[in-house]
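Undergrad: Sequence:
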Amino acid sequence: MYYLLKKYHGKVNTAKRFFVLLCCFLFLLSGCNAVENVAPIAKNGFIDLSDMDFDEITTHRLDGMWAFYWNKFIEPSEYSAVTPDAYSKVPGIWNETNVGGTDLPGTGFGTYQLHVKSALIEGTQLGLRLFTFSSAYRLYINDKLIAQNGMPGKTAQEEAAEYRPQTVYFEAPDQHFTITVHVSNHVYARGGFWYSAFFGKAEQMAAMQDSIMQREAFLFGALAIVGLFFFVLYLMRTELHYLLVFSCLCIVMLVAISMVGQLTIFHFLPMSFDKLVLVWYSSDAWLFFFVYLFIHMLYKSKLSHTLLWIFLSVKLIQQLIYLFTPVLFYTQHLAIPASIINIIIVAGTIMIIILGIRNKQEGAWLNLCGIVVAAASYVHDDMFWMNMINPHYGELHHFGLFFFLFMQMVVQAKRIRRYFHETMAAELAFCQAQIKPHFLYNSLNTIISTSYFDAEKARVLLIDFAAYLRRSFDFKTQNHMVSLEHEIEFSKAYIRIEQARFEERIRLRYDIEASMTAQVPMLVLQPIIENAIRHGLLPLNSGGEIHVSIKQNSSEIIFCVADNGSGMDEDVIAAVLLGKHAGGIALFNIHKRLKRTYGKGLSIIAAKGQGTRVSWCIPLKIGGKRND
Numbered sequence: 111m112y113y114l115l116k117k118y119h120g121k122v123n124t125a126k127r128f129f130v131l132l133c134c135f136l137f138l139l140s141g142c143n144a145v146e147n148v149a150p151i152a153k154n155g156f157i158d159l160s161d162m163d164f165d166e167i168t169t170h171r172l173d174g175m176w177a178f179y180w181n182k183f184i185e186p187s188e189y190s191a192v193t194p195d196a197y198s199k200v201p202g203i204w205n206e207t208n209v210g211g212t213d214l215p216g217t218g219f220g221t222y223q224l225h226v227k228s229a230l231i232e233g234t235q236l237g238l239r240l241f242t243f244s245s246a247y248r249l250y251i252n253d254k255l256i257a258q259n260g261m262p263g264k265t266a267q268e269e270a271a272e273y274r275p276q277t278v279y280f281e282a283p284d285q286h287f288t289i290t291v292h293v294s295n296h297v298y299a300r301g302g303f304w305y306s307a308f309f310g311k312a313e314q315m316a317a318m319q320d321s322i323m324q325r326e327a328f329l330f331g332a333l334a335i336v337g338l339f340f341f342v343l344y345l346m347r348t349e350l351h352y353l354l355v356f357s358c359l360c361i362v363m364l365v366a367i368s369m370v371g372q373l374t375i376f377h378f379l380p381m382s383f384d385k386l387v388l389v390w391y392s393s394d395a396w397l398f399f400f401v402y403l404f405i406h407m408l409y410k411s412k413l414s415h416t417l418l419w420i421f422l423s424v425k426l427i428q429q430l431i432y433l434f435t436p437v438l439f440y441t442q443h444l445a446i447p448a449s450i451i452n453i454i455i456v457a458g459t460i461m462i463i464i465l466g467i468r469n470k471q472e473g474a475w476l477n478l479c480g481i482v483v484a485a486a487s488y489v490h491d492d493m494f495w496m497n498m499i500n501p502h503y504g505e506l507h508h509f510g511l512f513f514f515l516f517m518q519m520v521v522q523a524k525r526i527r528r529y530f531h532e533t534m535a536a537e538l539a540f541c542q543a544q545i546k547p548h549f550l551y552n553s554l555n556t557i558i559s560t561s562y563f564d565a566e567k568a569r570v571l572l573i574d575f576a577a578y579l580r581r582s583f584d585f586k587t588q589n590h591m592v593s594l595e596h597e598i599e600f601s602k603a604y605i606r607i608e609q610a611r612f613e614e615r616i617r618l619r620y621d622i623e624a625s626m627t628a629q630v631p632m633l634v635l636q637p638i639i640e641n642a643i644r645h646g647l648l649p650l651n652s653g654g655e656i657h658v659s660i661k662q663n664s665s666e667i668i669f670c671v672a673d674n675g676s677g678m679d680e681d682v683i684a685a686v687l688l689g690k691h692a693g694g695i696a697l698f699n700i701h702k703r704l705k706r707t708y709g710k711g712l713s714i715i716a717a718k719g720q721g722t723r724v725s726w727c728i729p730l731k732i733g734g735k736r737n738d
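For the sequence shown, the working numbering assigns the number 111 to the initial residue and increments by one for each residue that follows.
The hints are simulated quantities; they were obtained by calculation from the structure and are not laboratory data.
Some hints here could point you the wrong way.
Quick list of the computed label-pair ranges, beta carbon to beta carbon [as the list claims (entries may be wrong)]: (1) Arg615 with Asp564: 13 to 21 Å; (2) His286 with Thr212: 56 to 64 Å; (3) Glu185 with Ser321: 29 to 37 Å; (4) Met381 with Gly210: 20 to 28 Å; (5) Leu650 with Asn555: 31 to 39 Å; (6) Asp621 with Ser664: 48 to 56 Å; (7) Gln235 with Gly709: 31 to 39 Å; (8) Arg525 with Ser725: 18 to 26 Å.
As the structure is a prediction and not an experimental result, all values here were calculated from the model.
Backbone N, C-alpha and C fix where the C-beta goes; we use that ideal spot for every residue, glycine too.
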């Protein structure tokens, strides 16, 4: 396969990237194999933990076959007095349990019981980590009620459904005790003991609870911060619509993760069971659509646009079904179709990214890695939530989503950097547009006039004019930096042409003590000198002098352009730096560009009739590297 890929793409790097991506995908899916629990498991409603060292083994899952009683709420004291109807797998759904030769329906009620034998002495502080049961439960240790979600009932009218993960604590009543769980489900398609119950000493369970909450809080914080960051970027650059889409995607992710985690946000926003399931299914549906929409915004094509409308139509129909049908209906009839739809959307998303790779679009490979890893973690967790697998490490969506976020931060950082460079190029182009036609016309007229009486001087002026034009349109440097020598020669070519026109009215003096190889922003020195001539010297009949000082110390290069021309008021200076003065657009653009790049712009000191002094500094170290 490697050599086929190499031949097809023509690049070894492409094949290597593909194999790295494939390995990441297979590594994640390798967790889809159920991992054998080396610790004791429950058999026929009994589990023996007497040989376990609870100080060494922090937590234990009470998985296995529990005694199960269908359509009965067995009292804890009745353990062993009533023959179980079946032994049901935990974690699992009772739909898969066979009673009387037939599989059970999703709705109904029943009792799970497990007798535990341990070497723990009476009074030992213990804990149980419980996620959710479908759809309400009461849990007893012997005859003591220690945990409850909602109100289990024999009918839909008696039941009050609730989903609320919790960790509960109790004292060991003896070395032998019985766990009894009354479970009912009259509103959801699948009922029963969905997830593992974790058991251990109280301090260990508290540490586990803290770890779960910290992990989820970290991911919530990352999603909230990233979402807010991209929303603020969008407010600053409203033409970049993909920033808003990604911000919305982060919010949908946050809700979706909460629905399969600790339901944290619903501790602060209490809602009924029906509404909670509606938000759960809706967030899962729109999560995949927003992922596709975001990728579509990055790699638009006719195909992506067509798929967008198809997926949007399907999701709207799906949402309408969620809104206007009972929970029992859509959880029973739409769960598998919804998963298939999501898989199709993921496939479409990957296809659009592959087209982006083929077209050599920026960040496509990183996006593909992020999508594949996130999709693999989702497939893994979907199988976990449906009790198809039961790995010891649990869910992977936290890892998958964090990896996807990380990839997006890298991709968007590159896109923002490119956008920044394009914006700077546009500003430089605007600066070049300040070469007004009358300047070119006057320069050519000056050269023509000079040629009548001094051909050699006209030849020199033509050379200067050609050098000025060549350097004026030199945009080859990707970071818009040039050597100090380039910037000085550019300004000198401009000055010589102007001096040929205005002769003694323009006098220039250079004072340079800096490395000529130092990198400085292009198109800064010449426009400031031009501004000094136009607005400082030429309004005076006698003209004046411009002093250009360029000094270098250990940390920066200090530029100063001073003239003894007409000067300006403080109000005009303030207006120039704010971009509100018609005659100072060039200075404002330079000020904004320097401030954005170095955090500090132009410093202008002037007084009416006493000249103007414009100064700025360029650090010698940029990004930890010397600039010379």
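Undergrad: Decide, hint by hint, whether the structure agrees.
TA: A quick look at each hint next to the structure:
{"no.": "1", "hint": "Arg615 with Asp564: 13 to 21 Å", "in the structure": "19 Å, holds"}
{"no.": "2", "hint": "His286 with Thr212: 56 to 64 Å", "in the structure": "34 Å, violated"}
{"no.": "3", "hint": "Glu185 with Ser321: 29 to 37 Å", "in the structure": "35 Å, holds"}
{"no.": "4", "hint": "Met381 with Gly210: 20 to 28 Å", "in the structure": "38 Å, violated"}
{"no.": "5", "hint": "Leu650 with Asn555: 31 to 39 Å", "in the structure": "23 Å, violated"}
{"no.": "6", "hint": "Asp621 with Ser664: 48 to 56 Å", "in the structure": "19 Å, violated"}
{"no.": "7", "hint": "Gln235 with Gly709: 31 to 39 Å", "in the structure": "57 Å, violated"}
{"no.": "8", "hint": "Arg525 with Ser725: 18 to 26 Å", "in the structure": "35 Å, violated"}
Of the hints listed earlier, those the structure fails to meet are numbers 2, 4, 5, 6, 7, 8, in rising order.
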